[in-house]
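K.L.:
One line per chain: the protein sequences are A and B, in this order.
Counting from 1, one number per residue, gives the positions in the first sequence under our numbering.
Counting from 1, one number per residue, gives the positions in the second sequence under our numbering.
Hints may be right or wrong, so weigh each one.
You can't tell identical chains apart in this list, so a pair holds if it fits in one copy or across any two.
[As the list claims (entries may be wrong)] Below, simulated BS3-like cross-link-like pairs (lysine-lysine); rule was C-alpha separation at most 30 angstroms, straight line: (1) Lys185 with Lys148; (2) Lys227 with Lys265; (3) Lys227 with Lys243; (4) Lys175 with Lys413; (5) Lys417 with Lys217; (6) Lys61 with Lys388; (7) Lys217 with Lys61; (8) Lys393 with Lys227; (9) Lys485 with Lys413; (10) Lys265 with Lys230; (11) Lys175 with Lys388.
These aren't lab readings, by the way, just hints derived from the structure by calculation.
For clarity, every value in this text was computed on a predicted model and none was experimentally measured.
There are 2 protein chains.
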Amino acid sequence: MASAGSKEGSGDGIAELARRRGFLWLAFEIYGGAAGFYDYGPLGALLKRRVEEAWRNFYLKEGFYEIETTNIAPREIFEASGHLESFTDRAVVCKHCKSFFRVSEGVDVREKCPECGGELENAGEFNLMFQTRIGVPKGGRDEGAQKKSEGYLRPETAQGIFLNFQRLLRFNRDKLPFGVIQIGKAYRNEISPRKSLIRLREFTMAEAEVFVDPGEKSNHPRFEEIKDRKLWFVPSEGEEGEKSIEEAVRSGIIANEYLGYHIAKVEEFLGRIGIPQDKLRFRQHRQDEMAHYARDCWDAEFFSERYGWMEIVGVADRGDYDLSSHASHSNTDMGVHGKLQVREGEAEKTKAKIIPHVIEPSYGIDRIIYALLESSLYEEQVGKEKRKVLRFKNEIAPIIAAVFPLLNRDELKSKAKEVFQQLRDASIFVEYDDSGSIGRRYRRQDEIGTPYCITIDYETLEDDTVTIRERDTMEQVRVPIAEIKEALFAQYHMD
Amino acid sequence: MASAGSKEGSGDGIAELARRRGFLWLAFEIYGGAAGFYDYGPLGALLKRRVEEAWRNFYLKEGFYEIETTNIAPREIFEASGHLESFTDRAVVCKHCKSFFRVSEGVDVREKCPECGGELENAGEFNLMFQTRIGVPKGGRDEGAQKKSEGYLRPETAQGIFLNFQRLLRFNRDKLPFGVIQIGKAYRNEISPRKSLIRLREFTMAEAEVFVDPGEKSNHPRFEEIKDRKLWFVPSEGEEGEKSIEEAVRSGIIANEYLGYHIAKVEEFLGRIGIPQDKLRFRQHRQDEMAHYARDCWDAEFFSERYGWMEIVGVADRGDYDLSSHASHSNTDMGVHGKLQVREGEAEKTKAKIIPHVIEPSYGIDRIIYALLESSLYEEQVGKEKRKVLRFKNEIAPIIAAVFPLLNRDELKSKAKEVFQQLRDASIFVEYDDSGSIGRRYRRQDEIGTPYCITIDYETLEDDTVTIRERDTMEQVRVPIAEIKEALFAQYHMD
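Throw the hints in and build the complete structure from the sequences for me.
P.N.:
Structure below.
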């Protein structure tokens, strides 16, 4: 047995391992790179895909629909959504070196330039959307035509869902509530993204939009299932601390059951993929940091040893902001016939038309990947050696099993390749490796978080059994080849 | 048994069904839409995901690595790749209404304006990339700074793979050949995209880049496996006709075994997801239509009843164009130590450094989705009624099975919901439906291509058996509930 191991989460260790082992690569590196852009290497892409699949299945099983909408949208969409006016950051510029900086806690016009020490001055508000132009503008230099051809890269995937609300409602046979998800790229033209791995200009969001009759927000049909779960809450006013979801809703810290239910689901999902609960808290936005569309917002924050508390998911109550705004800008009816209501003091029943409210859990997939890497990395003393190990949960490990011949001999290699092919045909993500000592091959797999290593030795050739070595305990068991698949599938939650 | 049914592939039938049943929706429709942009509704997103998963698994099993790179890239990438100079279309503009048109077979300066009948004049070359700006340009109006901050949306995913070539080579332990795939959005700012469903400005590509020692191109290690397959070839010179891959390579129609192998793999994949072989041909590009980076290119073309022959996959031999170009622009060494070669007339062995060549199968996922919809749609006479049915292969059907209570009674509904939940927990994409007559519910599932309908009736309550009705034959079998999962998994190729 290995020692429990020490956390190796801080700082450069992760960035170095992520680069060396093919998880995350600075984009355009041969041209010197560009701030805010990262690529996923082969292992990073596998890890990301598994996280996305887990997320998608989590919400599809809750009954959500998935759609896929465009990355580019015309100007009028963002006039309606409020992003053209309100999705901005304040910037300062250095009088000396002309560098721009986002105004934040650290940088202000009263400070000196972080690059050259020069004097800073206010540079105004900058919109964070990437602008482009769709087609050839008709009418040449005419200002109206220019505006009409303006397009933007979406700053969130949500708008594509709101724009299709009527079709989605019809798809759900005109009934509320229902939920819709989307996974895709979003873009923010950050002024000076220095926290490179976590402040990206291009990133992946996974968003869920729940449409609900505002009269039903305080009554989630499955609230019972989650009400006793305890989370750490940091409300915008009052004391932080651990509370059950039910206490938080009843005491008014969380505004309604729908918001409470979806906060609980966020915590459940993050736990399932391996974010440690003791590094997680739910912090409510102050009025002055809330997005322009939100009435209330809670961030799921992960405690990073490198960056401190950082947002990885936001759960917002967007009210009827988006649907009402698109209704008036596009002159479309977004109303829905609500539940049959008996109005107090009236004898008659009325079926009022309402604009649904939206509860939105919005996940930052790249930051979740970062949090998984940081919180999974351990360094352990094994005998005289140190080993680095990524303790990924089986549900998300990029490689499920590696297959080795014990020695570099043809008869072992061909048998190992046969076992490897058999597992690959069954869609288990497996790797074959015959280079270097067996110890070195184990270390390599530990570093990329592979839960199982399967070794073919001379006993295999006699009785068709192999050893399976488990990553965390480093214990080995002997298993017949015919049972590997089942053993791995059982361990591995393959949905 | 149903009659064989007639093809219902032409024209508006598909567009109407795709819109009504939630496959494809015109984007920004409440604002009047925008040419060249479509969204995937809930069923379209499921279908697309299944096609992408099938594609990914197909190439991963061939041993390819997958990566994910950025949609935005700085100007210098496309200076090097040649897209800034060469990725252009010629346009004409109407003197009267100022509409722009792409110069093609149909539109030319000698014609009249298709919109108003006015006179056309040449408007020059237009670059098809969407341009944007990354960050706040330093130095204000300085032209160099403006250029430096220019960014473009990628017109193909391939460049992201080429830029990471050295890291990928290292990941593959410095050995050739190897292959890398990427699925993602790409963008082309088409001048006037009127063929809306198939000429998109934003679309999904699935690309594979195979890096090979140029000295090995004529010798693919698995050529034997595919050499006897017969395909319909339309070479740029000479007669079209059916030939085996081996004949095509030996007679010089296809330049080398690598290109031949990957053309065969394209045909294999398209067949697997259900593109009929008799609607498929491989057409070689003429010299004057070849992309600037290609030495040779074959398009897999699908015969559409609406659009005629249309490209759905391109297989290009890009030679060393991209790696050599990035090597010189970024001043990076892209050379690889090739195989040990014995030079003729020399006694010594030399290990020459070579620049790998690239063979690239590049799939247009949206057009493949369109081709699947068109070629799967049949209209059949069943008794007095007509039914529309999408004969999707099980491998890609968006919904695997629908569960119905025979009648709208509580005891049947609760049993049906139980069976539904059991299947959903096993990750089988299932739908529950209790609205309307059973016949109407069958038709609804036929129209979205669901292979199996499971009906719960009073016999179910007695002996725990259900009927499973098969989409194409409309035959029903009675199966114990305990065996549904296995029956569906067996039918369903779930990898």
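K.L.:
Work down the list of hints and note, for each, if the structure agrees.
P.N.:
Each hint tested on the structure:
1. Lys185 with Lys148: This pair counts as both: shortest intra-copy Cα distance 24 angstroms, inter-copy 24 angstroms.
2. Lys227 with Lys265: Only inside one copy: Lys227 and Lys265 sit 11 angstroms apart there, 53 angstroms across copies, limit 30 angstroms.
3. Lys227 with Lys243: The answer is within: 10 angstroms in one copy meets 30 angstroms, while 67 angstroms across copies does not.
4. Lys175 with Lys413: Between. Shortest inter-copy distance 18 angstroms satisfies the 30 angstroms Cα cut-off; intra-copy 59 angstroms does not.
5. Lys417 with Lys217: For Lys417 and Lys217, the Cα distance is within 30 angstroms only across copies (25 angstroms; inside one copy 57 angstroms).
6. Lys61 with Lys388: Classified as between; 29 angstroms across copies, 36 angstroms inside a copy.
7. Lys217 with Lys61: within (21 angstroms within a copy, 47 angstroms between copies)
8. Lys393 with Lys227: within (26 angstroms within a copy, 43 angstroms between copies)
9. Lys485 with Lys413: within (19 angstroms within a copy, 37 angstroms between copies)
10. Lys265 with Lys230: within (12 angstroms within a copy, 53 angstroms between copies)
11. Lys175 with Lys388: So Lys175 and Lys388 pass the 30 angstroms test across copies only (26 angstroms; inside, 52 angstroms).
Violated hints for the displayed structure: none, as all numbered hints are satisfied.
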